[in-house]
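As you go down the protein sequences, you meet chains A and B in turn.
Be aware that the first sequence starts at 1, since it is given in the numbering used here, and climbs by one per residue.
Be aware that the second sequence starts at 1001, since it is given in the numbering used here, and climbs by one per residue.
To be clear, the hints were calculated from the coordinates, so they are not data collected in a lab.
Hints may be right or wrong, so weigh each one.
[Unchecked claim] Just a sample of chain B residues kept apart from chain A, beta carbon distances all over 10 Å, derived:
| hint | residue |
| --- | --- |
| 1 | Val1010 |
| 2 | Gln1139 |
| 3 | Asp1156 |
| 4 | Glu1167 |
| 5 | Glu1205 |
| 6 | Gly1206 |
| 7 | Asp1227 |
[Said to hold, decoys possible] Partial list, derived from the structure: chain A residues whose beta carbon lies under 8 Å from chain B:
| hint | residue |
| --- | --- |
| 8 | Leu5 |
| 9 | Glu26 |
| 10 | Ala30 |
| 11 | Ile34 |
| 12 | Thr36 |
| 13 | Glu41 |
| 14 | Glu64 |
C-beta atoms are modelled at their ideal positions from N, C-alpha and C, and glycine is treated no differently.
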Amino acid sequence: MKILLKLFMVVLMLGIVSCRDTDKEETAAAEAAIETIDAVEEKAEEISEKIDQEASELEASLKELDSI
Amino acid sequence: MRNFKNIITVFVLAFFLGNGAAFAQDSELGNASKDVMKEKRDQMNDTKKKADNKADQLKDKSDAMKDKADAKRDKIKGDVDKVKDAAGDDASSISNGNADVMKEKREAMKAEADRIINSRKELADKYQEKLKNAKSEEQKAEIKAAMDKDLGALNDQIKDAKSELKEIDDLKDDVAVAKDEAKERAKEARKNKGNSDDAKLKYLEGRDLALARQKAAKAKLIERKQDISAKESMVSKGQERINAAKKRLAAATADGKLSEEEIAKKKAAIEKAEANLNKLDKSLKSGKATLDKQAETLDAVNQKN
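Bound conformation, chain A alone (with noise of 0.2 Å):
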């Protein structure tokens, strides 16, 4: 009997340590990759926008040397 409470006592301990909560960290993963997705398609559109005022300018002066 003492044995048995002893054990039991130990698994019951182990259960209420072992315990996490998955969905929680599913989520903190989740939430850090769309930070980073974010991150990414702002820095994408930071590039596309950068580079099609570049080529709008480009165009603008082109088309001037057309008159040459």
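Model the placement of chain B on the given structure of chain A, informed by the hints.
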């Protein structure tokens, strides 16, 4: 020891009773959460209906824009036919939107106009000399009549050439406007597609949402890389245009047609275009490398999830 055993037993009993109560509470909460879930599902259905309506509206808008674009294309085609009738040459290549052919045609027309202007100037000089050397008033009147007749004919030719040049320029402007409009339409279509994707993402959460976002971001990155590739051809074409302008400027300088000030102005324009071209070229290269790195980052996100 016995007391200790009793204490432990009471502890364990209290623990199970506590858990039992918690389970019972959970069950009540479960029922309550079922109601909340039902409410949420209804809300989601409403949102879905709204999204469907929005998608239908976008489709209608897209159809309307398509019709508008068709009308614009027909108008440009009509303009091209008009120039074809007026110029009587290969306007079919212009209708294909071939900018090079339009440019060549414009240059040929400009050269023709310059030639007529020069010959008019020479003729006017000759008549002026004849007028100076005329001995009688009668002779002067005869020369003046002949001069008015010949110069008038040349003036008409110059007027025609100028109006043809104007038509080509107008056509060029129309093509440029149509191109801009097409770009805007493509941009709006991409934006609409993005909105529809966003509406779909509203129903996802957690890992599924992250994966869907990763997929969408990857698709957008591919689109951006294609845009960069298209702009690379713009760089090579721009280089050709700059070289052609340099040749034209060299020829005009050799002929002595331009003043020092004009030459300096045109040289500055060429240098500005070259600087812009180099800047774009550099941005395209670095942009491509950055986008490749971003694609790798997105792949890593996918692997982690």
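Okay, the hints, checked on the actual structure:
no.: 1; hint: Val1010; result: holds (13 Å)
no.: 2; hint: Gln1139; result: holds (45 Å)
no.: 3; hint: Asp1156; result: holds (26 Å)
no.: 4; hint: Glu1167; result: holds (16 Å)
no.: 5; hint: Glu1205; result: violated (8 Å)
no.: 6; hint: Gly1206; result: violated (5 Å)
no.: 7; hint: Asp1227; result: violated (7 Å)
no.: 8; hint: Leu5; result: holds (6 Å)
no.: 9; hint: Glu26; result: holds (6 Å)
no.: 10; hint: Ala30; result: holds (4 Å)
no.: 11; hint: Ile34; result: holds (5 Å)
no.: 12; hint: Thr36; result: holds (5 Å)
no.: 13; hint: Glu41; result: holds (5 Å)
no.: 14; hint: Glu64; result: holds (5 Å)
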